[in-house]
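Engineer: Please build the complete structure, drawing on both the sequences and the hints.
Each chain is listed here by its residues.
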Amino acid sequence: MARRGGVRSPLARALTLSLALTGALGVVVAGVEVALVADSRVAPWWLLASFPAGGVVHLAAGLAAWRRRPSNRTGPIMVIGALSWFVVALANTGTPALVAVGVVLATTPLAVVVWLLHAFPSGRLRSRTSRLTVAGAFVVSLVLQVPLYLFDPGASPGGMLSVGPRADLLSAGTWLQRGAGMVVMVVTAGVLAHRLRAATPGQRRVLLPLYAYGILAVLATPLGPLLGPSAGLSVAQVVGFQIVLLAGVPVAFAAAMLRGGFARTAEIQELSAWLASSAATPERLADALGRTLGDASLQVVYASRDGHALVDGDGTPFDPSALGAHRHLVDIDLGTRRIGAIVYDATVVDDAELVRGAGRVAALAIDHDRLTAELRASHADLRQSRARLVDAGDRARQRIAQDLHDGLQVELVLLALEAQRLARIDGAADLPDAATRLRVGIDRAARNLRGIVHALMPAALVERGLTAAIEDLVDRMPLPTRLAVAEVDGRLPATVERTAYFVVAEALTNAVKHAAADTLTVTLEHAPPRLVIGVADDGVGGATQDGGVGLHGLADRVDALGGRFTIESPAGGGTHLLVELPCGS
Amino acid sequence: MRVVIGEDEALVRTGLTHVMQAAGFDVVAAVGDAHELVRSAEEHVPDIVVTDIRMPPDHRDAGLRAAVEIRRGHPGIAVLVLSQHLQRAYAVELLGDRPSGVGYLLKQRIADIDTFTDDVRRIAAGGTVLDPEVVGLVVARARGHHDALDRLTPRQQQVLALMSEGRTNASIARTLSITERAVVQHTSHIYDEFGLALSDDDHRRVLAVIRYLSS
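Quick note, the sequences are listed as chains A and B, same order. Per this note's numbering, the first sequence runs over residues 1 to 585. Per this note's numbering, the second sequence runs over residues 1 to 215.
Worth double-checking, as some hints may not be accurate.
[What the hints assert, rightly or not] Listed below are several chain A residues computed to face chain B (Cβ distance under 10 angstroms; list not exhaustive):
hint : residue
1    : Arg386
2    : Ile442
3    : Arg450
4    : Val453
5    : Pro458
6    : Glu463
7    : Asp475
[Claimed, not checked] Going by beta-carbon spacing under 8 angstroms, a handful of chain A positions derived as facing chain B:
hint : residue
8    : Arg383
9    : Asp443
10   : Ala446
11   : Ala459
12   : Val462
13   : Arg464
14   : Ala468
15   : Glu471
16   : Arg476
The hints are simulated quantities; they were obtained by calculation from the structure and are not laboratory data. Being a predicted model, the structure only gives us computed values, none of them experimental. Backbone N, C-alpha and C define an ideal beta-carbon position, used for all residues, glycine too.
Structural biologist: So, in C-alpha cells, the structure goes:
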C-alpha cells in the first residue's frame, strides 16, 4: 500500500461527493415541499414546513455521521429517516395522490426512531429480539396503520383510500395500533435497559438520557393528542412539540455517535468479531482496520522479533521518520512488546486513541500475522535446506561415481590386460615377476578402493565411534593438529556421530586446502544435552558459510539435526567453526 | 605350527586357510564369529590366532577385542590382527604391555604370500610385526611433537620406521642394503636421541619406540 500524504483516498472523495449530492437533493425536495404547503389554509405554514425541515435535520445528521463513520450504519438509517419525513410531509400538500402516499406512510418516522434505538451505536441490529422488535415497529407503522385510512373517509383526500365510514372498526384499529405500538416500546425499553446494565458507567451516562429521549420522542406521538389538551396546549402546539422532539432524535444520536465514544467500541467490537471469523487474513487486516477507522489509506507494519525495526507486509523495511505530512504512526503493543504499528491519515482519523484502541483489538491478529510470516520464512528456509541436502547427496554420489570411474575402473582394465599378457608369456622364467607385478597392481587398486570406502564411512566410526574416528582423522592430518576431547564417553546416536565426524572432516579438509594454516585444533565436548564441536585454524580467515558447497552442506546437516552452526573467520584472524548438536542426554 | 583363523567372509576364510596350509601350517579351526574364535583358541590352544577385526556379533571391533582377550588369557598364544583400515590406537592397544607374539597388518598383505607367512612365523615365535602403514601414521603424528624425531637423518628415520615394524637388524640391513653394523650404529643413535635404554631385544624395542612416538 502506497503512502498518500494528507490526501484522502479516491474512494473517500467519491463518498463525500455522493453524500453532498444526496444532501443537496434533500434540500431541493424540502424546498419544493415547503413551496407546496405554503398557501395551505389547513394549518399554520410553519407547522407544515416543519415536516420537510425535520427531514433536512435528519438528512444533515445522517450524512454527517455517514461521512465521518463510513462503516457505521447509523448514518444510512438516519438518511432513511429523512426520506420518511419527506414522504410524511407530502400529506400536507394539495395533490391527492401525494397526500395518499403521505397518509399511508404517516407513522414510519416513529418506526425509524425505534430502529435507531435498537441499532445504536453500530447501526446494526445485533440480536434476534432487536430484529423482531424493529420488524414489529414497521408492522405497526405500515400494516396497523391501514384501518386508520380504510375505515375513515376523512383521512385521505375524497376518501380515496377508504372503503366507507366504519367508526367501530376505526376505533378498534386505532386501539390495536396503539396497543401493539406500546408492546413494541415496552420490549424496546426492556432491550435498552438490558444494554444499559451491560454498559460501562461512562457509557451509561450518555446512553441513559439518549435512550430516554428516544423513547419519549416515540411515545409523544400517540400520547401527545391524549395529554396535550389537558395541559392546555393547542393541537398545533402539540404537533409542533412532537416534531421538534422527533427532529432532535437524529441530532442527539449523531452527536452521541461521533462524540460519545460509542462508535469506537461498536466498530471495534465489530472488528474483533471480524478478526475471529475465518475471513480474517493478513492481507485483509489493514483493510478491516481501515474500514473500522474510516481510513482507506491505513497501513499496518510489523515489528521485528526484537521490536526495534519495522517492516511492511512484504517484508520491506519501513522507516517511520520518512512519513508524509499527515501520516501518523501509533504503536501496537502486546504485553510489553511492540509487535507492530498502524500508520494512518491524521486528516481522516483525528483521534490517536481511537487508532490505539483498534490496534489493541487487532494486536493478537497482528502478532499472529507476524508469527505466520516468520513461519513462512522458516518454511521456505526448510525447503531450501532440504533441497540442498538432496543436492549434496547427489553431488556425493556423483563424486563417488567419478572416483570409481576415473580411478578404480581404469586400474581394473589395466590389471585385466596385465593378466591376459601373463597368459601369453612364453618363458616360464618371466612368469613369477609378471605375476607379482599383477599382484602389486591389484594391491594398488585395493588401496584405492579402501580410500573410497573410508571416505564414505570410516571404519573407526563404525567400529569405535566418534572419538576414535576423529583421533584417526587427526593422525592422518598433514599439518600438526591438536585434539582435545572432553566427556565424550561411549557411543552417541549414530546420526550425531556421523554428522559430527563429517563436520570435523570437512572443516579440516577446508583448512588444509584454503586456510594456509600452520596448526589446527579440534575440540569435542559432550555437555548434555549437547555435543559441542570446534575446529579452529591459525590461517588466513575469510571463510564464509556461503562460500563453499562444503560448508553450506555442513550447515544444512547440522540444521537438519536441530543444531547450531557458527563460523568466525575474520580476514587474517584464522577460522573458528563451532557446531552444537543436540544429542539426547 | 597350529593356527586358528577368525574371518567372517567365507571366501577369504577358505582362501586364508589354503594359503596357510600350503605354507605348512596346521589350521586347527577356521571360524566366522568372535565368540567362537575365543572358544576355539581356548579349546585348541594354537601357536597363533589370525583374525579379522570387524566380525560378528556386532560387526564392529569384536575381532580385535577377542584377540586382546586371548592374549591376556593365554600368554602363549600369539595373535595376528588383520584389518582393511589401520589405526594407531589399535596398534597401541594390541601391543599392550607385552610386546611379543603380536602382529597388526593390512588385510591385503595376505596376497604377498611369502612375506605374509614369514610374518606369521615370526609372530608365532614371539616376534612383533606392525604394518608399515601404521608405523607411518605413528611417525607422521610424532613429527612436530618430538624435536628428537626431526633431528634424525633421513637414513636414521628409515631405520626407525623398519625398527618400529618389528624388523630385525639383519632384515633392516637387507632392506636398506647396508651392513648390520651400520644398522646397530643408527639404532643406538636413535636411542640416544630418544633417551631410551638400549635394548638388544628386537621385540621390546618396538614397544619402546612406539610408546615414545605416541606419547
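Engineer: Determine for every hint whether it applies to the structure shown.
Structural biologist: Verification of the supplied hints:
1. Arg386: violated (31 angstroms)
2. Ile442: This interface hint holds because 7 angstroms falls under the 10 angstroms limit.
3. Arg450: Holds: closest Cβ of chain B sits about 6 angstroms from arginine 450 of chain A, inside 10 angstroms.
4. Val453: holds (8 angstroms)
5. Pro458: holds (8 angstroms)
6. Glu463: holds (4 angstroms)
7. Asp475: holds (5 angstroms)
8. Arg383: violated (37 angstroms)
9. Asp443: holds (6 angstroms)
10. Ala446: Holds. Min distance 5 angstroms.
11. Ala459: Holds, because the Cβ-Cβ distance from alanine 459 of chain A to chain B comes to roughly 4 angstroms (cut-off 8 angstroms).
12. Val462: holds (6 angstroms)
13. Arg464: At 6 angstroms from the nearest chain B Cβ, arginine 464 of chain A passes the 8 angstroms test, so the hint holds.
14. Ala468: Cβ of alanine 468 of chain A sits 6 angstroms from chain B, so the hint holds.
15. Glu471: Since chain B brings a Cβ to about 6 angstroms from glutamate 471 of chain A, closer than 8 angstroms, the hint holds.
16. Arg476: holds (7 angstroms)
This entry does not satisfy hints 1, 8, going by the numbered hints stated previously.
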